[in-house]
Amino acid sequence: MLNFKIDSSEIDKVGNFNKQEKDFRLKNLENFNKNGFPNKRNEDWKFSDLREIVSKNFKKLNFHSTNNTEQKIDLIKEFEHNFIVLTNGELTSSNFSYEDKDKIKIQKYSNYPLSEKTELNPLISLNHAMANKGFILEVEENYKFNKILVIYSLYTDKLNENIINCKNKIKIGKNSELHTLEYLINNSKANFFNNIYENIVLDDSAKFKNICIQKNKSSGYFHKYSNNKLGTNSNYSSFVFPAGLKFNKLDLEFDLTGKNSECKLLAASYLSQKDHQEIKTRINHFASDCKSFQKVKNVLDSESKGVFQGKIFVKDIAQKTDAYQLSKAILLNDSSEFNSKPELEIYADNVKCSHGSSSGSIDKNSVFYLMSRGLSKKESVNLLIDGFLSEITNEIKNQKIKTFIINRLRIQLDGHKKH
Amino acid sequence: MLEIKNLKASINNKDILKGLNISIKPGELHAIMGPNGSGKSTLANVLSGKEGYKISGELLYQGKNLEEISIDERAQQGIFLAFQYPTEIPGVNTSNFLRTSLNKVRKSQGKEELDALKFIKMIKDKSKELGIDEKMLSRQLNVGFSGGEKKKNEILQMKILDPNLIILDETDSGLDIDALKIVADGVNSSRNDKKSFLVITHYQRLLNYINPDHVHILSDGKIVKSGTMKLAEDLERTGYKGIN
Numbered sequence: 001m002l003n004f005k006i007d008s009s010e011i012d013k014v015g016n017f018n019k020q021e022k023d024f025r026l027k028n029l030e031n032f033n034k035n036g037f038p039n040k041r042n043e044d045w046k047f048s049d050l051r052e053i054v055s056k057n058f059k060k061l062n063f064h065s066t067n068n069t070e071q072k073i074d075l076i077k078e079f080e081h082n083f084i085v086l087t088n089g090e091l092t093s094s095n096f097s098y099e100d101k102d103k104i105k106i107q108k109y110s111n112y113p114l115s116e117k118t119e120l121n122p123l124i125s126l127n128h129a130m131a132n133k134g135f136i137l138e139v140e141e142n143y144k145f146n147k148i149l150v151i152y153s154l155y156t157d158k159l160n161e162n163i164i165n166c167k168n169k170i171k172i173g174k175n176s177e178l179h180t181l182e183y184l185i186n187n188s189k190a191n192f193f194n195n196i197y198e199n200i201v202l203d204d205s206a207k208f209k210n211i212c213i214q215k216n217k218s219s220g221y222f223h224k225y226s227n228n229k230l231g232t233n234s235n236y237s238s239f240v241f242p243a244g245l246k247f248n249k250l251d252l253e254f255d256l257t258g259k260n261s262e263c264k265l266l267a268a269s270y271l272s273q274k275d276h277q278e279i280k281t282r283i284n285h286f287a288s289d290c291k292s293f294q295k296v297k298n299v300l301d302s303e304s305k306g307v308f309q310g311k312i313f314v315k316d317i318a319q320k321t322d323a324y325q326l327s328k329a330i331l332l333n334d335s336s337e338f339n340s341k342p343e344l345e346i347y348a349d350n351v352k353c354s355h356g357s358s359s360g361s362i363d364k365n366s367v368f369y370l371m372s373r374g375l376s377k378k379e380s381v382n383l384l385i386d387g388f389l390s391e392i393t394n395e396i397k398n399q400k401i402k403t404f405i406i407n408r409l410r411i412q413l414d415g416h417k418k419h
Numbered sequence: 001m002l003e004i005k006n007l008k009a010s011i012n013n014k015d016i017l018k019g020l021n022i023s024i025k026p027g028e029l030h031a032i033m034g035p036n037g038s039g040k041s042t043l044a045n046v047l048s049g050k051e052g053y054k055i056s057g058e059l060l061y062q063g064k065n066l067e068e069i070s071i072d073e074r075a076q077q078g079i080f081l082a083f084q085y086p087t088e089i090p091g092v093n094t095s096n097f098l099r100t101s102l103n104k105v106r107k108s109q110g111k112e113e114l115d116a117l118k119f120i121k122m123i124k125d126k127s128k129e130l131g132i133d134e135k136m137l138s139r140q141l142n143v144g145f146s147g148g149e150k151k152k153n154e155i156l157q158m159k160i161l162d163p164n165l166i167i168l169d170e171t172d173s174g175l176d177i178d179a180l181k182i183v184a185d186g187v188n189s190s191r192n193d194k195k196s197f198l199v200i201t202h203y204q205r206l207l208n209y210i211n212p213d214h215v216h217i218l219s220d221g222k223i224v225k226s227g228t229m230k231l232a233e234d235l236e237r238t239g240y241k242g243i244n
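For the protein sequence lines, the chains are A and B, in the order given. No gaps in the numbering here: position 326 of the first sequence is 326 in the working numbering, and each next residue is one more. No gaps in the numbering here: position 166 of the second sequence is 166 in the working numbering, and each next residue is one more.
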């Protein structure tokens, strides 16, 4: 097993910091070094032994920043949009030509408020210790975006066993609305690790919709911890279509802190060829009359592994909570694996909470039915997969964006199927 | 069209068909009646190629050995099975599916594929003929369809794919009189001297509307009696116990 202890001198290489911040970083580095990459002895990582995965696939961890000059990007042509470009995590350009620029503030990552909390997740400690990239986007009050914002996240061929630590923050002011599409473009041939800390704040009556999808397969290992705070009457929908990453763990925490707030998480993935993906959620119902809805769908092919750990927490004062959670998986062969761990922790007595989970192979009778109408076996299976995942894509209201996503998913599916 | 000689079929070591013989010529409509468990659905499944059965005997479709033809190729070559219990396929739009299916069959037969506009016109005409609400076509395939809607959808597919050999597996069961009439009309308007039908049913009801050329009684995996429509009428009076 490789030793992934990180020397404190690495902190100086990522930036110059004042004493207070340096101490914060050192403390977090110490916590990471004490615990190392999490393994399955840690309950939150029981299905994703990251220590083993990193040991197997990385010889070293390179903290050196690549020189991220502005890269040329093929912009999406299918629909008009604002955009920002993140090159290996660093904000390298932005364009808000459809918007009132006075209402938007975009800047590179700068210092975050330093928390005293000792993080249980060593990767968050690692991020706190080493982060030097990312962006902060703030939307003023009473402003509704005219067009979607595409966040192009580009990973260049300069990466080689690099570990990127970035912090991204989006804050949406009262009564404002923002839609984003995170679009990951992978040009790196070598392995790299991306460790993201995300913080999203919705003020009262704010609305946020986010879609996340990859353009192509990647040799990246991704971990994202996302903390989302929802104010009164706010509304947050998140669509994730992750696929084709060697390792991907999304650790999503939603705090419903204001009354009548609502969050929705919809995920659809097609995993193959040793892809390993985990979605872990924690929905904290901290106020009354809030709604949460989670639906996670996975199709797993050759030797891939999918995990869903979903927890709904309802505080005693969070009466009239309406929480729903469902995960469904189709396993296309015996070498794929799906693990699901739903949890409810409820301290209020007047709530509606439900959860369900199912996994199984593709229905033989359905394949027979479709084949008896002239479709080949492969076409029948693909149609059933499309149908299974379409329940998620159908929730996207904007027709152009929906078509774009469906086409991307189809490319992922066809691309994998060729192998 | 279809020649079955000494067909034996078993599943999980259980013998279901035990030496069945039947010969259907182009243009003929044969009805097979039989009590529960006599092997009716197994016969339909074997003809359409469902996996899991151990088969022996001779199965010839247009002179070709059926066993060598895969499920999808059977459909492409003009065999159609209307399912007793059509499968619900979530997330798949009925109309899109019908077009995919039709174009697969047309392509394999060397015919030009239909574009969306031509297809829509065709499907609208056929739906109207069968009294099918067009809204059904934009729903997910068979999902949440009533029993009657599912069966009508099978007949619609039969109409669209224009097959040579049509097997109706208890398409009449669970239908009210109006729906039954629609199914019968669908069959009658499709009949010609080139198409053959094998209608599997429990009851005489449907046969009253479609007038079979031959009626066979299947019992314990064999045809025990063959005759004309009169046999079906006798059966209705005496029940299966009265036959033999």
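Incorrect hints may appear among the rest.
As the list claims (entries may be wrong) - Which residues of chain B face chain A? A partial, calculated answer using Cβ under 7 Å:
#1 48
#2 50
#3 71
#4 75
#5 77
#6 90
#7 91
#8 92
#9 101
#10 105
Treat the hints as calculated values from the structure; they're not laboratory data. Model, not experiment: these values are computed from the prediction. Backbone N, C-alpha and C fix where the C-beta goes; we use that ideal spot for every residue, glycine too.
Hints and how they fare:
1. Contact between residue 48 of chain B and chain A, as hinted, is supported at the beta carbon level, the nearest pair being about 5 Å apart and thus within 7 Å.
2. At a threshold of 7 Å, the smallest CB-CB gap from residue 50 of chain B to chain A is about 6 Å, leaving the interface hint in force.
3. Residue-level restraint check for residue 71 of chain B holds (minimum Cβ-Cβ distance to chain A is 4 Å; threshold 7 Å).
4. Taken as an interface hint, residue 75 of chain B checks out: its beta carbon lies about 4 Å from the nearest beta carbon of chain A, inside 7 Å.
5. Here the hint on residue 77 of chain B is broken, as its CB sits about 9 Å from the closest CB of chain A, past 7 Å.
6. Residue-level restraint check for residue 90 of chain B holds (minimum Cβ-Cβ distance to chain A is 6 Å; threshold 7 Å).
7. A least Cβ separation of about 3 Å between residue 91 of chain B and chain A falls short of the 7 Å threshold, and the interface hint therefore holds.
8. Evaluation of the residue 92 of chain B hint against chain A yields a held restraint, the C-beta minimum of about 4 Å falling below 7 Å.
9. A cut of 7 Å between beta carbons decides the hint on residue 101 of chain B: the least distance to chain A is about 4 Å, and the hint holds.
10. The interface hint given for residue 105 of chain B is met, as the beta carbon of that residue sits about 4 Å from the closest beta carbon of chain A, less than 7 Å.
Hint compliance for this structure: hint 5 is the single one not met.
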